[in-house]
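**Q** Top line first, the protein sequences correspond to chains E and P. Residue numbering for the first sequence follows the working numbering, beginning at 45 and increasing consecutively. Residue numbering for the second sequence follows the working numbering, beginning at 45 and increasing consecutively.
It is worth saying that the hints were derived from the structure and are not from the lab. It should be emphasised that the depicted structure is a prediction, and the values quoted were computed from it without experimental measurement.
If chains are identical, the list can't say which one is meant, so a pair holds when it fits in one copy or spans any two.
With a Cα cut of at most 20 angstroms, we get these calculated EDC-like pairs of lysine to aspartate or glutamate:
1. 343 to 368
2. 86 to 367
3. 86 to 464
4. 126 to 300
5. 153 to 457
6. 343 to 373
7. 153 to 464
There are 2 protein chains.
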Amino acid sequence: MPECPLGERLALLTDLYQLTMAACYFDQDMHDEATFSLFIRKYPAHRGYFVAAGLPEALHYLETLRFKEEDLEYLEATGLFKPRFLDYLKTVRFTGQVHALPEGTIFFKDEPILEVSAPILEAQLAETFIINAVSLQTMIATKASRAVYAAQGRPLIDFSLRRTQGVDAGLKVARASYLVGFLGSSNVLAGKVYGLPIFGTMAHSFITSFPQEIDAFRVFCRNFPNLTTLLIDTYDNLSGARNAVQVAREMAGRGERLGFVRLDSGDMAAISQEVRQLLDDQGLDYVRILASGGFDEFKIAQVLAAGARIDSFAVGTKMGVSDDAPYFDIAYKLVKYAGRPVMKLSTGKVTLVDQKQVHRYYEAAGRMARDTIALRHEALPGGSPLLRPVMAGGQITRPLPSLNECRNFFQGEFARLPEEYKALQDPPFYPVSLSPGLRKLQSRVEQELQHRLRRES
Amino acid sequence: MPECPLGERLALLTDLYQLTMAACYFDQDMHDEATFSLFIRKYPAHRGYFVAAGLPEALHYLETLRFKEEDLEYLEATGLFKPRFLDYLKTVRFTGQVHALPEGTIFFKDEPILEVSAPILEAQLAETFIINAVSLQTMIATKASRAVYAAQGRPLIDFSLRRTQGVDAGLKVARASYLVGFLGSSNVLAGKVYGLPIFGTMAHSFITSFPQEIDAFRVFCRNFPNLTTLLIDTYDNLSGARNAVQVAREMAGRGERLGFVRLDSGDMAAISQEVRQLLDDQGLDYVRILASGGFDEFKIAQVLAAGARIDSFAVGTKMGVSDDAPYFDIAYKLVKYAGRPVMKLSTGKVTLVDQKQVHRYYEAAGRMARDTIALRHEALPGGSPLLRPVMAGGQITRPLPSLNECRNFFQGEFARLPEEYKALQDPPFYPVSLSPGLRKLQSRVEQELQHRLRRES
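Whole structure, please, built from the sequences with the hints as guidance.
**A** Structure representation (structure tokens):
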């Protein structure tokens, strides 16, 4: 099964300019190899690192890129394109190579997440989809990893589907949050597509559809005795908790155990303490407390600091849209064409030229110390190269790791990231430098451009 | 062609609890009619109104809701559900009715966007998808309408696809922004699916792939003489503008006219004035200036206030993710079951009971004056009812208006909205009251619940 049920044959899911530029390249017989580099230009507020995610979807897109008959008919009907170019599109395939950070890699601003090398027309066509796919999952994986860190070992579940920005995002959020350590998601289709664990509770509507709250509780636990989480705030948290206690006793009489009660509104620290006390007083210390309602890393940290007795968090909307940073300043830039390193000079947006590699240096204890961005084939002693070849000749070169393997890989990565960069507020900048080779080439290309500009003006 | 190529037969794109609650309803033979109401609980910062959008997708979902064989196999494999319930799911269809605001309607907080009435199991199952579909397009239509307002008649184009939260969002953003007056989108698939106009310029990579900027300009305008927008900031805005002037003269010599130059970085007010001057000095007053780069309603208003000479804006990421309000506090709540009006009391989240209607009152000049939320069948003199029956027996009752009809409808609506509610910063609250009938019923149900709570505790 493909990783993304929505990502197949979306050749037209692109910006019009990709096709008009392609037509120009075709017209000019420009088929030389181009390298594009995907990277994040700056940290949004409070981010001290990023987590690479979304690679399988990007590669799957490249492997299956095809213009269908109906796509070509639509393009023809626009009246913009010459028949010869449309004939060419019929047979166009992605034939290039990709170097990329494995999913779950921790990386920093300016570092290439992936580099695509292919005939310029093919590499350019892929821009829109690649940026979209990688930026969404990288943004969510980064946000979700902060929630996992804030929860200090308490399990987290993704409840965001209803308010993600569309259904594709709903699937990707479930996947990316699982990648960085969430226990699972409420999203059933994500469970089916990605094989991740699914979880659920009950809605307020379920409670209010019964004459009494306790009737709703009883029906649910009789149907799902091993999956029962009772939502107790529909009318009042404490009276809800007393009804849950009653039902838990009835369950115990049948040899069953109530799993969780769920808080969804009010002062979480205070209410969780009262509910914990009430449960403990009744000998129900095995019943755990799940909390939902506006949680992200900031609110998790805040309620735990306030002494909340919460065992698990359902994390929804704010994680699912990356509320405090709903986009990343990510770019896919041409860095080399026909053997010539290239860059743009636009105000504040200078790019790093040529094909690159990121080398990571560790302290003796295994903690990450610093990174160096280098030319791809530059010899640098002592560092571990992070970008790996993942596609050649338009084909994935070896089977991609499974989602669970990536999840384990991320866990190892995160353990090596020093604590200060994990700070939820204002983390420091991790040290990233440029290699001597890259600095020299960068400066040469920039000088040549400035020189030409002066000559022309 | 369906309105949404990604929205079909996504029965599993739901929260697990929808299915476990459904299993409970099925187990209890609870098939009475339930009404759920979809509404926004509060205004995000700076929003004074909302624009209803996303209805066709929600209705299409309801009409085509089916559990496929492979869906049922997955649910069976979870081990959670009884065979009798899975057999039932095989044949389940949405058979209910929907009342809704037509797309493009301006509405306010607490007002129902739509109300679904159906056997409770069917109406509950649809919750996740309906919230997701309506909230995304409503949020984007609202944000985009503010950009249109800020641009004071200048055409806007959606350039957000690369950074929307997923590919589904990319399509919906193109659609919702067109609905409220954008001229079109760069998104080719949206052009094909929704029949909206598509536009494009060129990328920095196109410029840098040629030895000289002017070579890139020349190739593009020879291939697309009627569609040429020259991106002039790759190396330096003014030297780019001088190259554009040269190319525009060459085009004029061939009887062609350069359409636009595009600014993408730097101080937009200052640069646009310099570029305008340069173009005018060369007799190129017909060449217009398009600006892109971080625009939303706030930046558009700011650069225009600073005297920018910009004719058209490409509006991307910040509109496409609704940057300053990336989600709405939207809820789908049970308001009536088996003839009984119901509500929840959770702290700060009280819901309005029963089936409702919104009545709008206008001033003599046609300007909107105030709204009243009433019981659906309550007689209220003088107001115009906003919610209309759109689905009965699980079928759309009459053909939905086309996207262009909705676009015209919105334009009329927006013209009737008094200026103060359109303010980009801190608009006042539009007056919305509750009818006598609704107030009375609301208070009776709330008292009965409070009474029962006191009795139980």
